[in-house]
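Build the full structure now, drawing on both the sequences and the hints.
If you use full-length UniProt numbering, the sequence shown corresponds to residues 1 to 114, in order.
Derived by calculation from the structure, the hints in this document are not laboratory data. Be aware that a few hints might be false.
[What the hints assert, rightly or not] Cut-off 16 Å, straight-line C-alpha distance, at most; resulting in silico cross-link-like pairs (EDC-like, lysine to aspartate or glutamate):
hint	residue 1	residue 2
1	K32	D79
2	K101	E48
3	K62	D109
4	K32	D111
5	K62	D111
6	K78	E48
7	K32	D108
8	K102	E48
[Unchecked claim] Restraint ranges, calculated between C-beta atoms of paired labels, are given here:
hint	residue 1	residue 2	range
9	M27	T89	18 to 26 Å
10	T34	I91	28 to 36 Å
11	I30	F93	32 to 40 Å
12	G26	T89	33 to 41 Å
13	G28	K62	15 to 23 Å
Note that CB positions come from ideal geometry on N, CA and C, so glycine has one too.
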Amino acid sequence: MDSHIKAMDSPLCIGLDNVRSVGTWGMGGIGKITIARAIYEKIYTQFEGCCFVANVGEGSQKRGLDNLQVELLSNTLKDGNLNVGISNTRINFVKDRLHSKKILIVLDDVDNME
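Dropping the structure here:
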């Protein structure tokens, strides 16, 4: 597994200040989430905020996308009392609170780009 984790170091470019998006995909049961979790545990301390959300697809179907977004923001900002209303307000809130921070977000089982 160490070789798989090492292979992800280059695409992540942790030392850079720009936005990075790295995806993994493949058949179920081959260890994608295990590798993602190991990388997260290895690097999360290098970020001002972080969040690991498992089962995004299932969670968005059960709780709704709005609730999933609020959960993600609450966990990332470490603010359990976060109360962000409608989507348009939430977009401005995210811009204000996160635009200059180094944030790590790992989303597991994303089955829809929405």
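Outcome of the hint check:
no. : hint                  : result
1   : K32 x D79             : 29 Å, violated
2   : K101 x E48            : 6 Å, holds
3   : K62 x D109            : 14 Å, holds
4   : K32 x D111            : 14 Å, holds
5   : K62 x D111            : 14 Å, holds
6   : K78 x E48             : 10 Å, holds
7   : K32 x D108            : 9 Å, holds
8   : K102 x E48            : 5 Å, holds
9   : M27 x T89: 18 to 26 Å : 40 Å, violated
10  : T34 x I91: 28 to 36 Å : 33 Å, holds
11  : I30 x F93: 32 to 40 Å : 37 Å, holds
12  : G26 x T89: 33 to 41 Å : 37 Å, holds
13  : G28 x K62: 15 to 23 Å : 19 Å, holds
The structure shown violates the earlier hints numbered 1, 9.
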